[in-house]
Amino acid sequence: MSTLKAEIKSPPVYNMERQSAFSIGHAFAEVIKTILTYALLCIMAVFVISPIVWIIGASFNNASSLLSATAIPKNPTISHYVELFTETKFPYWYANTFKIACINMVVSVILSMLTAYVFSRFHFVGKKAGLLSILILQMFPSFMGMMALYNILWQLNLLDTHLGLILTYAVGQIPYNTWLIKGYLSSIPKSLDEAAKLDGASSTRIFIQVIFPLSKPILTFVALSQFMAPWMDFIFPRLILSSSKKMTLAIGLYDMIAGDTNNNFTTFAAGAVLVAVPITILYVCLQKYLIQGIMAGANKA
Amino acid sequence: MKKSTRAGIMSAVVWGSGQLANGQWAKAIIFFVGQIMLLFCFPSVCDGIYGLATLGETKMVINGSKVTMGDNSIILMIFGILWLFVAVAFLLLYIFNIRDAVKNGRLRDAGKKPLRVKEWWSKITDRSFPYFVLLPTIILVFVFVVLPILFGFLIAFTNYSAPDHLPPKNLIDWVGFQNFADMFRLPMWNDTFGGVLLWTVIWAVVSTFTCFFGGLLMACLVNSRRVRFKRFWRSIYILPWAMPGMVSLLIFRNMFNGQFGPINTFLRQANIIEQNIPWLSDALMAKIVIFIVNFWLGFPYFMAMMTGVMTSIPSELLEAARIDGATAKDEFRKITLPLVLYSTAPLLIMSFAGNFNNFNVIYFLTNGNPINPSYKFAGSTDILITWIYKLTKDNRQFQMASVMSILVFVVIASISTFNFLRTRAFKEEDMMG
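Protein chains in written order, with our numbering: chain B, 710 to 1010; chain E, 26 to 458.
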């Protein structure tokens, strides 16, 4: 097979039309096109990078106002980073968000994976109804039950607790994640499980040793998106959490500049940098899984 | 009388007695316990359903400093839904109990023996594995997803709103389709709804298409054979996607600040403008800024997806086309582009649905402002979802927020259903696979 491929690949066959591309007129046009391409790339790069450069620069600015926050600070200082830790509850927010993100990730991956596994590999009464409900439930925008959720959490004494927020995130996404993972599991041939069963493996063992390793790409995607949700979400923490020590980063950062923008700005900038850097690195490193997961989700809808 | 009929009638009166007659004592005990539980729950079930039907009758009375608590309509409603489901569960158990008695009675009529306890037990444990695994999830999903959604749905048919119908101080009542009628008949609501809906649709369409084609353009540019250091360029353009969206949006909100923002400062210093540009305080300008910022946020997503598709096109395919005399242009137009468009079309639909409900961009960038005096509780750049949020959080017009949520759901559900039916997953592969 590999030799066959090599034969096709080399030597490259150029037809007459291709060779004529090396004439002078064409060469000139090629140069112009290349310059234009690079020009466009550079313009877009500036467009993309300038806000990022500005916020990083602003975080090192000496003054605290938005007006004086320049991309290139005159007297660079790290005092705003120090302020974040000494004068605001930033460390708490960071720790809270990280904790909520991790637990949310673990809980929702386990629950959705088990649910998806059962739906894709077992036959039982009510399966069709269950799948249909999942399909319908994942269409509802999550804010729709906002007020009821508030009252339910109040009745369960879970208001202003992280457990309440985690349950909201983890359970709220079960229908969508289950649907996504189930679509992926269905593409793993059942003959694999059957072969394992013939070899005497139990259901649990098949799940752990066959299905689980094979579904790693989609699980990575689900895990990552569940991990990311608490860093970005505003609606639910605002609804559920009220004491400032328990807040998440989204709320904390928002409040920092919601009122008096011009005065807290550089501290906000420092906070923004501290949040964005690790998340951005994580995303860039795992983008392969993200792209796979999104495409899988799109085609299974 | 046939044994099956007799067992059925017995079970209909005393649960499990038919099973006992069939000789299945283990089942009989389970069903009988079910009936005992029903007897215990019966008052609560009745109270719950009564509460759901009336939404409370005793008002809170404030007499000087003495407060006598009345009914809380919201709690009554939530528990009413809960008990209604319990009632349905009991009803199903009851029907199952009779059917089971009849079924096994028929076996006896036919001269066969129903399953013995041991056989039945092994059959049950064998089959119930899925239920055991699903049970915790089902309970959690019911409490945290289904119940809130049902509640949100029912609120649309009540008068739950400020200032006169806010529990626990006041009671709320069922009003039928009154809110829907108000939404479409009262000019104040109607105008706001029409205006906000129109802007929501424009926003969703324009933002999706700008990002889609921007992403396509950038993917083509970066992957063009002219460009070197592809990885380097790609890593730059992917940054907006990788950054937490909320942080980026708050940064932009400050960059476009009309008074102190760096963009106006820069333009003034460069002598391009003399007066500050009201980026976020002029309705039209704010909308343009929203599109620009959303483009910044959104095109990398499509670029990443399309690059993924482009790099997965087998090189043999392109080689073959080249051998057949295809130019670079042909290759792009006839192979790359169709493949990319084909595999990213579902993303386009999903992204449209996502933008329709894109709370973050609007709320963090403009907060729905500038204020529009002819709108009720909404600003010029508010889309439906941010309007719903404001109605709920700031203005406590829960009934109208709920009406709107239902309308949004109808839109999103139609899109999802269309997308779902379109995929082959539904048509070819068995959905239950």
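Simulated from the structure, these hints should not be mistaken for lab results. Please note that a few of the clues may not be correct.
[What the hints assert, rightly or not] Here are a few chain B residues that face chain E, going by a calculated C-beta distance under 10 angstroms:
1. Val757
2. Trp763
3. Asn784
4. Leu876
5. Val919
6. Ile920
[Stated by the list, open to error] Straight-line C-alpha distance at most 20 angstroms; calculated PhoX-like pairs for lysine-lysine:
7. B:Lys836 to B:Lys742
8. E:Lys194 to E:Lys312
9. B:Lys742 to E:Lys312
10. E:Lys148 to B:Lys742
11. E:Lys138 to E:Lys128
12. E:Lys91 to E:Lys194
13. E:Lys148 to B:Lys836
14. B:Lys954 to B:Lys798
15. E:Lys255 to B:Lys997
16. E:Lys148 to E:Lys137
17. B:Lys955 to B:Lys808
18. E:Lys27 to E:Lys194
Please read all numbers here as calculations on a predicted model, not as lab measurements. Backbone N, C-alpha and C define an ideal beta-carbon position, used for all residues, glycine too.
Q. Going through the earlier hints one by one, which of them does the structure break, listed in rising order?
A. Those not satisfied are hints 3, 5, 6, 7, 8, 9, 10 and 18.
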